[in-house]
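Single-letter residue listing:
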Amino acid sequence: MNSIIELGILQVAAAYIFSLIVLVIVKVRGISREKEIIISTIRMTLQLIFTGYVLVYIFENMNPWITVLVILIMEVFAIHNIFKRTKDELSKKMKTIIAGSMAAGTLVSLIFFLFVVIQISPWYNPRYFIPIAGMLIGNSMTGISLGVDRLVDGMNSKKHMVESSLMLGATPKMAAKEIVDNAFDAAILPTINSMVGMGIVFLPGMMTGQILSGTSPVTAIEYQIAIMMGILGSVSLTVILFVQLGYRTFFNDQDQLTLND
Amino acid sequence: MFNFKNVKYKDILDIKDLHIEKNKITCIVGESGSGKTTLLKLFNKLISPDKGKIKYMDKNLRDFDSVKLRREVVMLPQSPAIYEGSVKDNLLIGLKFSEKDEVTQEDSLMKILKEVSLNKNLQDNAEKMSGGEQQRLALGRIILLDPNVYLLDEPSSALDEETEYLVIEKMVDHVRKNNKTLIMVTHTKRIAEEFADNIVEVKKGKIVSSGGVDHE
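Chains A and B, in that order, are what the protein sequence lines are. According to the working numbering, the first sequence holds residues 1479 to 1739 in order. According to the working numbering, the second sequence holds residues 9 to 224 in order.
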């Protein structure tokens, strides 16, 4: 029951038929997407093969420096992705706060998760460190991107309300409270929603992967529950740090709103 | 009470000299786009001048804590924000913002509504009221704060002539009775001439005249 079906090269090749089917459909219907489909299929293949070899190397040559380097690369890539994904031009101060919140929030959650919850040994074991860091950083990245958009949009569209509150003697914190709360809510909502549907509407990727590779579903579920809690913690921590510091960038040291008309 | 010396703000305002007296009613008049609202915002540090000096009670405005100053020099914008909730919530939110945790009885709130000629119940939904009603509600909100200085930006722009006169008359009464200072931007000449102790005229960002009014 526990024997895993190893996929041969021909079996993997057969899976490409799905990509071919999509190509035929767009060709027949005259939707000009062939190029993108071909490029994305090739990119996906090459990237995964590359990552596969890198992971094999890292797992076989366990080294704390390599693990730390991989986590650093992941953080930098995630932060860069947030900057690219946000619709509005971000100030330098805002970018620093995003980077700081991402690094602090994800690293604290990661350290707690690996050393208190899973208790990995040695501490830099890449088989645990890398995939779990990937999940925490990836989800926090999505959360903070939503939070940034909501915060910037909110401050711009409710500028008048914020200024009116300042006129009544509110501190910047009071004046921006509603916008900050909305941004936090929008950022953690996808994580909460995915928890609600989990196990019934869909089986999460990590759990599916573990089951397919022969792990008992009970163990897979234990891991899934733990990682979901870790993700929730990491997303919340990152986003709360970001919104609490981020709203201040819209005010100067004289508690004046710095948004231009 | 307020003294401006060579104040410049972007290319909107260029004020050589301006003096606002304590316990008086000052009306700021001028065409739209002349910089009246910007001038009003300088009094409570919603903005700061690029050049020049503003003094409040003989102290440089720069040395005041902005939030504390705004609790003493309260401003009502031309289209004030109405917050989600009832008339009562909207009246009390100013007290919440300025961290004055006084217990306010409902009948004193009703008295304020009367003062601004607003015939509404405390439980009514504030967001469903007309522009003119919201303007009066916001005026009531700042009267409740009982500040030393009132900065009003066209507080009656959404009102008909009769209500406008009535509301301003009561406001002026309140200010005089309680020894407060009122600085008000208005586009209605009649209001300025009738109620102001001093009229300041702004034209293209400059003060073109400033002086007392003779009430005969």
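Read the hints as simulated data drawn from the structure, not as lab findings. One should not assume that every hint holds.
If you anchor each label on the Cβ, the simulated ranges turn out as follows [claimed, not checked]:
1. M1673(A) / E92(B): 26 to 32 Å
2. D71(B) / T1529(A): 58 to 64 Å
3. K18(B) / G1530(A): 56 to 62 Å
4. H1638(A) / K16(B): 23 to 29 Å
5. K104(B) / V1500(A): 55 to 61 Å
6. V1546(A) / E92(B): 33 to 39 Å
7. D71(B) / Q1525(A): 44 to 50 Å
8. I1551(A) / E107(B): 53 to 59 Å
9. F1561(A) / H27(B): 35 to 41 Å
To give a feel for the contact side, a few chain B residues facing chain A, derived at Cβ under 8 Å [unchecked claim]:
10. I20
11. P57
12. V75
13. R79
14. L100
Each residue gets a CB set at the ideal place from its N, CA and C atoms; glycine is no exception.
Hint check results:
| no. | hint | verdict |
| --- | --- | --- |
| 1 | M1673(A) / E92(B): 26 to 32 Å | 29 Å, holds |
| 2 | D71(B) / T1529(A): 58 to 64 Å | 59 Å, holds |
| 3 | K18(B) / G1530(A): 56 to 62 Å | 59 Å, holds |
| 4 | H1638(A) / K16(B): 23 to 29 Å | 26 Å, holds |
| 5 | K104(B) / V1500(A): 55 to 61 Å | 58 Å, holds |
| 6 | V1546(A) / E92(B): 33 to 39 Å | 48 Å, violated |
| 7 | D71(B) / Q1525(A): 44 to 50 Å | 59 Å, violated |
| 8 | I1551(A) / E107(B): 53 to 59 Å | 47 Å, violated |
| 9 | F1561(A) / H27(B): 35 to 41 Å | 50 Å, violated |
| 10 | I20 | 11 Å, violated |
| 11 | P57 | 11 Å, violated |
| 12 | V75 | 5 Å, holds |
| 13 | R79 | 4 Å, holds |
| 14 | L100 | 11 Å, violated |
Of the numbered hints stated above, those contradicted by the structure are hints 6, 7, 8, 9, 10, 11 and 14, listed in ascending order.
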